[in-house]
Every structure is written in structure tokens, then in C-alpha cells.
Amino acid sequence: MSNPAAADAAEPTPDPSSSTPSSPPPALQPQSPPPPADPTHFDAIVLGTGLTNSITAAALVRAGKSVLHIDRNEFYAEHLASFDLVTLLRILGDAAKDSDDPFLGCYDEFEVAVNASDGSTSTTSSEPPAPPAPPALSTDADNPLAEAHAVDNSEKSALHPTPAPAQQPPSTPPADLEALITAYTTDYPSTATLFSHQPTPHSRHALLTLLRTSRQYNLELSPRIIYSRGALVDLLANSGVGRYLEFRPLDRIHLFWDGRTEQVPGSKEDVFGNGSVSLVEKRRLMKFLTFAVGFEETPEVFEDYKGKPYAEFLQAQKLSPRLIAFVLNATALIVEQHALSTLTTEQGLLLTQRHLRSLGRWGKTAFLVALYGAGSELSQAFCRLCAVYGGTYILNFPLAEIITTLSADDGGDVVVAITAKDGTRYTADRLVASPAYVQFLAPELRPKLTSKSVYRCVAIVDRDVHGSSNAAAAADHNQPALTVTAFPPEAVRNGQGVTAIQQSWDVSACPKTQAVIHLSASGDGSSHADVRSALQALVKPSGATVLLAATYRRHQQRVETAHAEEDVWWTAGDRIAVTRDEGGSGLDLEACGDEARSVFTRMMAGAEEAEFLPGVADPADEED
Amino acid sequence: MATRKKVLLKVIILGDSGVGKTSLMNQYVNKKFSTQYKATIGADFLTKEVMVDDRLVTMQIWDTAGQERFQSLGVAFYRGADCCVLVYDVNNVKSFETLDSWRDEFLLQASPRDPDNFPFVVLGNKVDMEESKRQVSQKRAMTWCQQKGGIPYFETSAKEAIDVEKSFQTVAKNALQQESDVELYSDFPDPIKIDGETGRQGGDAGCAC
Amino acid sequence: MSADQHHQKKVKTTNEEREAQRQRSIKKLAEYKGLCSLVSAKRKAKEYDDAAFNLTTKLLSLNPEFYTMWNFRRQIILDRRTRMDTEAYQALCLSELQLADAALKINPKSYWVWNHRRWILENMPEAAWTRELKLLGRMLDMDARNFHGWGYRRYVIAASGARSPKEEFDFTTEKISQNFSNYSAWHYRSKVLVQAFADPAERAKVIDNEFELVRNAIYTEPADQSAWLYQRWLLSLVPQDMDRWSKELESVQELVEIEPESKCKVIMQGQG
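Residue numbers (UniProt numbering), protein chains in the order written: chain A, 1 to 624; chain B, 1 to 209; chain C, 1 to 272.
Rather than coming from a laboratory, the hints here were simulated on the basis of the structure.
Note that CB positions come from ideal geometry on N, CA and C, so glycine has one too.
Wrong hints could be hidden among the right ones.
Unchecked claim - Here are the simulated DSS-like cross-link-like pairs (lysine-lysine), alpha carbons at most 25 Å apart as the crow flies:
{"id": "1", "chain 1": "C", "residue 1": "109", "chain 2": "B", "residue 2": "193"}
{"id": "2", "chain 1": "C", "residue 1": "109", "chain 2": "B", "residue 2": "166"}
{"id": "3", "chain 1": "C", "residue 1": "33", "chain 2": "C", "residue 2": "46"}
{"id": "4", "chain 1": "C", "residue 1": "28", "chain 2": "B", "residue 2": "193"}
{"id": "5", "chain 1": "A", "residue 1": "512", "chain 2": "B", "residue 2": "166"}
{"id": "6", "chain 1": "B", "residue 1": "193", "chain 2": "C", "residue 2": "105"}
{"id": "7", "chain 1": "B", "residue 1": "159", "chain 2": "C", "residue 2": "28"}
{"id": "8", "chain 1": "B", "residue 1": "148", "chain 2": "B", "residue 2": "173"}
To be verified - Here are the simulated distance ranges between beta carbons:
{"id": "9", "chain 1": "C", "residue 1": "237", "chain 2": "A", "residue 2": "490", "range": "44 to 50 Å"}
{"id": "10", "chain 1": "C", "residue 1": "91", "chain 2": "A", "residue 2": "540", "range": "49 to 55 Å"}
{"id": "11", "chain 1": "A", "residue 1": "565", "chain 2": "C", "residue 2": "208", "range": "40 to 46 Å"}
{"id": "12", "chain 1": "B", "residue 1": "55", "chain 2": "C", "residue 2": "74", "range": "15 to 21 Å"}
{"id": "13", "chain 1": "B", "residue 1": "169", "chain 2": "C", "residue 2": "91", "range": "20 to 26 Å"}
Excised from the complex, chain A in its bound form (with noise of 0.2 Å):
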């Protein structure tokens, strides 16, 4: 490795005091003008921008590789995109249209349902007034086109996101609001089961007036929370990529049990505080959960139960049903719902381990949710990193092919070279790729991939699903609270489970008072239904009306690799890395940085030993 900017970063730090007071200003230096010429050959290409390549392009960078990091779509971070409603809607319907394209083509089954109900026999009069009201709405009920108009002029450009600033202002023929609508009211989806009204020109209504605010809204592809202590927040703390990110903390989990909702103790807080749980199980369970926060130390307790399943440990822990539920979806919160019956003892106890190392940094839970959306947000404030040292990015990138030449003696010298629609053509030493390149891979470097489905809901709702349905609530301007509710398989129709987040104007999710419900299910034999039925089941207490419940089929795109335990395929002696498919039904990103860091490990494998994403100066505390 000859590269002169990562040789200095093995080098042994120099004694400060001989470094002389001219050496060069420690701020941003002037920008150079752009190159006459781009750079076609990088150390390293990344195709796809979700968290793990954005984490482990920024990671070579920082290692001194200089990288190209490319999307084929316009937009950063794959299957953890968040989006406004508008351009949710628009992404869902085209691939619908579309299921050649390797991204569009994981997505379909694709339905809308607007809340359809007219205002004046609404039942909920006595209840606190819910969105305002659209400004002025058409009196043209028959021309939404005329509504089509009266969209402000950043609802409609957002059909086309990301136009070129260079290029003309936006300025878009308002047929695609008008195509979208008729799509979207028209083409009405059969989900009798959840509104009993047929669609109407209220319902045309109802939807114009939700993407009247479109751009209010970020939703995301897959919902993610962080654990407040782990891999991934000592990962943002010590990249600086902290910095460029916003988190509130999670407040509530609640699980599904005995027909209704209840919040689960989490904290030690929470069982002192909880009114239904005795005094004898408060202490069995706070006895179980000190165990568990330092296990590794008494294995004795748990050695026979090694390699079973976690509920049967928990039952010889004196807990009652109950209190292994709670233990069960509190703690192994991110393990998807039908994964759970299958969790060993040492499984489950380091999940629930993490789980109470992370109480008590922030909020009163052990998760933080994200502002804007977790996986958007992260992945780009990565791409910024890697930008910030040097990495060049190119969305809608318009990929051709891949090809790779291969020496003689397969595996020597490998060149890999993209090339776009248009004849461009860069090339690199070194290829990580997402699950949604692969078809552009030779045949012969291709991994085998299978998929698998997660069924997913978004929904808006009027107000928080866990208030009361007084008007109380809403008397006081807290916003709905952000919690996940577990529902066990045994609380599901066909015993898969589903997990459902509640998200609020706290973390710009949506305007104010409304909330958006994400659930997903993904057990053999989920389906629609299942996250609908939850859907009905979280919102009916609390009588909030959904106002709009998209629902949609996910394949989850798996990557067959060498090895069970190994989540990333390599290929052309290892010059080329498959990554995962992060958008799965689980609720957590540590896998992400994980497996960036294996990637960066395996590529840098043979140069000097290079720091993975490593610290950055932190101006800010160093007073003397």
C-alpha cells in the first residue's frame, strides 16, 4: 500500500512539541476547483447506499482508498429510505408497475386504504379536533384536477425528487398529481376489513388532503430503533458521524397480551411503578433481571439450560407467564416476532443483557428512535463522512453492467469495471455491492439468492394509538409517544406475531398530533391480514381514526453464503463483496456496522493494519 495519506495514519503519533507552529491551518482549506477531468479508477466502487456499504465506504476512505460510491436510484440508502408521502406512494405504485427493476422489483401487493368516512357522522365530534383543516379545499369535488392545482408547488415537484439544480426549476405537469390520485382512489384496494366505507368523493378528499401536507411526513421503508449503548452509538460517537444525527429516546414498549395492551417494565423504574404485577413477582423479576445484567458471571445458573429454548430457562426462574412475555418481547425486542420461540437460553440472555446495559443513558427506555428515519439518516450521515474525506457519490446512476477481467491465474489481478447507460465508465480494484446489484454480476460471480416475505403496514393515524379517548389528552400539547408494541404469535390470527411502532411530530415523522403506525409481520404464513388485524387491535382502544393505511409485500432478498454464520458472499478472491439486505422485519441496525466492519477487515486484509473508522478530533471539550 503505497498510499501516502493512510502510510502517516500507522504511523506512531509524533511527539506534539516537535511539530512547528507553521504547520498547515488545522480548519477547511480553500476548495480546490473541481478536476478537469473526474478520476475514473478508485481503489474501491460501492454500489448501493444502505447503512452497511455507507459505513464501509466511509471506512475506506478514512483508511486513505480513494472511493466511488454510486445508487441507482436518486435517492441515499436503499431499503431504509425514508420518504415523504408523496414519493412513498409513487415508489410503492411504480413498483407495482415495474418488478423488473432489482429494487422496485422487492416490493409489491401494494394498497391504500383512505379513511373514507364523511365528518358529519363521525362519531368522534366529542374528541379532539384532529388534523386542520385543509386550506380551503376545491368546492369541485368532480375536478381533482382543479384540487391538483391548488397543491403548493413543493407537493408536486416532489413526484419528481431531486431534479438537477443546475437543470430548469421545478416545475411538473400536474397530470402525475392527477394520475396518482385516480390511481390511488379509483383503483380502489379491497380492504373492506378495515374501513367499512367504499370509496367516495370524501375519500378523494381525505387523501388530497394528506398529500396536501406530504412533505410533512418521513416514512420509512423499514423502521429502525439503536440501542442507546452498543456497537452502533460508540460507532457514531467515535466517527463523528454523531454529529450529524438527531435521536430521541424510545419511550414506551408495550406487548399485546390478554386481548389488550400493556406497558412492559423495562426499567427498574417501570417495575416499581407498575400497578398489576405483585410484590413477590417485582421481586423475581428484578432478581432475574440483575442475574442477567452480569450472566457470564454465574454460569452455573443457566448451564443446563445452554442450547434451549429461553423461554424454558425463564420458567425455571420462577417467572410467571406473564413475566416471561414481558422478559421475552422487552428485552429481545429486535428479534423478530416468530424468531423468538427458537432463541437459546445464551441467545436470549445477551439480548437481554444488551437490553439493560443500554437502560438509563437516555429516556426511559434502552432504545433511541431517530429523527427523519434511523436507516435514511444514518446511511447519509456516512456518505457525508466518506464525502467529507474525499469520497465522490453518484445517485440515479444509470448502471449498464459490471464487468470483471480476470488474470490468468483466477484471482490475481481483478479489475472491476461499471458502466453506465450512456458508455461511462469507471474502474476499481475492489467491488462491495447490495443484494440489488447482483444481476449485473457475471453469471459465474452471481451469489444464489432467495427471498423471503415481510408484510408491512404504514398507517396514519389522528392521535396516539396508547392515549385516552377523552379530551384530555389532548389538552395538553405532548405529542403521541413513541413506543413499539410487541404482539406475540399467540396474540396473531395464524401465531406468527407482529411488531408495530408508533412514530409522532417528535421525531418528524408526521405533523403534529397525528402519529404513523409502521408494523410488519414476517413469519412463514404471515400475511396482510396479520398486520392489519394488530393495526385494528393498537388503534381501536383509543378510538383514533387511520387515516390512511398503505399496505405492501417486501421480499427480503437473501444471500446464500459459504458459510450460515457469515452474512456477506465474496467472490473473485475476494475482491468483491455481496452485502446484505437490510430491510428485514427485525428493528435493530448493530447488524449494519458489523458486518461493515468484517467487509473493510477482509478488503484491507494484507495492507498495513488500518484503524476501522477511526476517531476523529473532537474540538469541542478540550479546554486546558
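For this one, chain A is given, so just place chains B and C on it according to the hints.
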């Protein structure tokens, strides 16, 4: 979308490559004496504490980090901006002509609540160069600013520090006006930031059990 | 990996950054020292002008622990007061409280800042007690065990009479439910309970609930001293109530059965 109360102001600088965005930030923040500065990693963002109407506010000025070159500035860059500085080079007419699309792009991506009153500031940079090279007249620039609802306009030189301080003072002032009531212990607690300090101290020690 | 540097952009290494960091620290320190000497000069010369005032603002925003600066600042304020009408002086005091807000954010346990607040409130035309209580609420939200905060709260309540003992009792309920390992909160609760519930019948009912509350705390966390101390205090309120004493003893015995190792045994022996 400046909807929450805070004393940290996010300012983003937009404009074509080479108009001097980064140099302007650098000139403004890295001044000698009486003002402290913090530069973060690479060409990232700079923070500067300024007094506006007897109040100390922290201004965080964000650079594009070069992601504008292939129109790949993600929406995250624009989030929560309190003021947008549009920069062009008075000796390069093309950089002036693209101001319109930079402004539109900002309004689209940042989607401020009140787009008509969102504070922009326009800087015509590189006025230190000889007059014969000048391609955009002051009158032309001011007319454009008037048409866009009276955007404050300054002619600057990052190189010779002409009017840089003055223009950023206006940036700070107008950004702060967006923040109707800056109160420290407001009803909306500040969002959590994860920075190096957090990493070292690790919040409350141990678990709550 | 081949390693030609294709990029014109700088790639700073960790070492370069460390050096840059060092330079920044040096510069920052120089700036700070410059500020200090400027203010000191003003102070010596007894110059109470706007420049001096702004310099102390800057300096105290950087370092709230610089207590002589707070003193100087108060001198300036008193000087200004002679040239101000009441309304302007009130506004000055309010902005002074804002400055102290910011300083407390840097160090919530700064004696000098709490002291400055107190001085302002005692010297302002209309003391802003409501604002003060709101601030205290936030402070204790962030760190419910900040004893400066609790002590100051007692001062504010006593000086302002803004809240009834009952309201303060409810306030401690809220804080204890957030974190019951909080000696300051239990202690304050014991003080306000006696004031809030003077009527014997009502007090007896409240005390019943208190035993229940503290039993929950003890069962949740037997090792927590503050709950045991509060229970002891509760028992001291009913020295003759043998039913109560034996009921509590029973509960503790039950706990010992589940938790033979815990400290409660010792305490029970002490009580029994």
C-alpha cells in the same frame, strides 16, 4: 423546518463548485482573537459563537462536502436549516444564473414551513478581482434578490475579507428571527446528539437495575 | 489495493487531525486568556460600561465557574440600575436569568450560578418565581438527584409561596416514580407530607398509601437505602400502631424468604 426552539442555528451554504463557499466559511470562522472557533473533521461544518442582540448563539455552518458535484446532496443535508446562504462568483455569470435552481432545490428539499419568509442571504463573491473580469453587475444581482422577496445581498471577498463578517452577521440575525422564542428549558427538550463526549462519558453509568 | 491518490481533496490522517486539534486548543486558550485580561483591566479600572458587560457575558458563557466575573457582573448591574427605569431593569434581570440558565446547562452543580440566580431574584422588581419553578422542573427532569436543585427548590417555594405543600408532595411522587433511588426526593417528601396533611384522618390514609409505596420500592430494590430510611421515618410517625408494625415486619420476612442475602435482614433486626 425550524420548528423547535434552540440556540443552535444551522446554516447551509449552496452554490456552484468553485464560487468560494468553503473559503467564505473559513474566512468568517477562522478569524483571530475575540471569537472562538471549532472546526470539525475535513471540509465538514464549522461552528462559531456570535452575539445577536445581546444573546449568544451558536452558528453551525455546513459545507456541501463536494456532494453537489453529481447532484447527490441527500435530503439529510438540508434538514432543519435555519438560514440558507446562496453564493455565486461575480466573475462567472453561469454561477449567478444557477442561483434560481439552488434556491428551488433548497425549498424543495428542506421544505420549510413558511417558504415565502424563509431567510436566504445572497453573496456575490470574489469582488477582489479586477473590474474588467466582472460578469454580473451589482444592479442585476440586486434586482434578482428583490424579485425573490427582498433577499439581503452582499458583495464579498473571502480572500481579502471584504464584508464577510457583515454578511454572516446578517445570516445569524435572520436565522435567529426564525426562532420565535429561544428559551433554554422549553417544553420541547432538545433532541439527543451522540458526539465524542457522549462516547467517552457514556451517560449514566451502569444499568438501572 | 493499489494506492494512487486520485483525489485532490485532502485526506487528513488521525495524526494530522490531532495536531490540528492541538493547534485549535492553543488558539482557543489564547483567546480565553485574552478575554480574561481584557475583563480584568476593566474591573480594576471600575469601568462598568457595555463593553465590560458583554465581555463578562462571553467569559461566563465559556466558564461559569469564574466566580469573580459573577461578582463584577453584579457590580455592573447595580451600576446600570441607577440609570434605568423599573421596566428596563426587570428586563435586564430576566435576561440575566437566561444567562444563568445557559451556565447551568454547562454545569448544573455550579454553586456560583445558583448563587447568582438567587441574587437576581432577590434584587429584581418582580421576582420571576413561575419561571424559576419551570426551570427547576426541567433541571430535576435531567438529574433528579441534583441536591443543588432540591435545595434551591425549597428556597424558591419558601420565598415565593407559589406552590402548596400538597402540590409539592405530588411533585415528589412524580420524581420518585421516575427514580426512587433518590434520597433528596424522599427527604423532601417527608418534609412536605407533614405540612400537606394536617388532618389526622387524612394523614392516616396518606400514611397507609406511603407504606404501600415504599414497600414497592423495597421489593423492587432491597439494596436501596433511601426507601428503607423513608420506611423507618414512616414507622416513627406511628410509634403505637402495633398492627402496622407487625404488618411491615411480615412483609419484610416474606422478602427475606425470597432474598435471604439481602440487607433487609439487618434492618429488620434493627427495627424488630
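Hints versus structure:
no.: 1; hint: C:109 with B:193; in the structure: 22 Å, holds
no.: 2; hint: C:109 with B:166; in the structure: 38 Å, violated
no.: 3; hint: C:33 with C:46; in the structure: 20 Å, holds
no.: 4; hint: C:28 with B:193; in the structure: 23 Å, holds
no.: 5; hint: A:512 with B:166; in the structure: 37 Å, violated
no.: 6; hint: B:193 with C:105; in the structure: 15 Å, holds
no.: 7; hint: B:159 with C:28; in the structure: 23 Å, holds
no.: 8; hint: B:148 with B:173; in the structure: 19 Å, holds
no.: 9; hint: C:237 with A:490: 44 to 50 Å; in the structure: 48 Å, holds
no.: 10; hint: C:91 with A:540: 49 to 55 Å; in the structure: 52 Å, holds
no.: 11; hint: A:565 with C:208: 40 to 46 Å; in the structure: 57 Å, violated
no.: 12; hint: B:55 with C:74: 15 to 21 Å; in the structure: 20 Å, holds
no.: 13; hint: B:169 with C:91: 20 to 26 Å; in the structure: 23 Å, holds
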